Amino acid sequence: MMKAIRVGSQEVFFEDLQPKNLETLRTVLLVHGAGGSHLSWRRQFDDLPRHHVRLIAVDLPGHGMSEGRGEAAIGAYTQYVVALMESLDLHDVVLGGHSMGGAIALDIALKNSGRLSGLLLVGTGARLRVLPAIFAIIREDFEVAVQGMTNFTFGSTAPSGLVEEEKQLLANTSADVILKDFTACDSFDVMAEVGSIKLPALIVCGTEDRLTPPKYSEFLHEKMPASEMILVDKCGHMPMLEQSDGFNECVSSFLARI
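First residue of the sequence shown? That's 1 in the UniProt record's numbering, and the numbers climb one at a time after it.
Keep in mind that a hint or two might mislead.
Think about it this way: if two alpha-carbon atoms lie no more than 25 angstroms apart in a straight line, the pair counts; the simulated DSS-like pairs of lysine-lysine are [stated by the list, open to error]:
(1) K198 <-> K223
(2) K20 <-> K111
(3) K215 <-> K198
(4) K198 <-> K111
(5) K223 <-> K167
(6) K3 <-> K20
(7) K215 <-> K234
Think of the hints as simulated: they come from the structure by calculation, not from any bench. Since the structure is predicted, the reported quantities are computational estimates derived from the model, not experimental observations.
Build out the structure end to end from the sequences listed, making use of the hints.
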């Protein structure tokens, strides 16, 4: 069920799914990546709440149903996620993030971790540099950029229908917002700080991820003492969509252990 809160002058929407028996053991808050929306997590919506999980997936400003023009810094996006946790009075949250969303999760873990009990870091890194050519092609021909970014995102075994779905969703986000997202990613760098994060963390990466290669996840795992890492074979940048059954099983197992 989509709900909304107001943060400053902007309305921020989020999906909020709870088990019917209300015996919620965990609250999981999921943050999408650049150009994404709460629908980046659509293959978790049916499965995870069955495991006594309250699942919340946010639309960052300028994405999905949320108002705004996006933000050009990770810290600026962070304030909306923190505001959501405060507005809903969430505690013991497992904060999950994909790609740019993972950067937001790391930023919160470093600066405002009081409401967190764990992290789920998917296809992300402590530093997220973006090739200058990506900025150029988005400015020059957004349609071509969307096609190229989508093709580059998925692994070799991803169904063509899934790739097409994601292309259409990406095209629904404006070029200006995506440029800001990539600007935020490009300036993000917490390589020197992540070792101070002591929260339990599940780090997931596809072996064929060309946007945030496995070495990014390996660095996080090496530096974060309470982390565990899973490499998903024959999978690209979207393991929660490409290999959703296995992904959901790994997440459920992690939640049961922490």
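Hints the structure violates: just list their numbers, smallest first. Numbers 2 and 5, in rising order.
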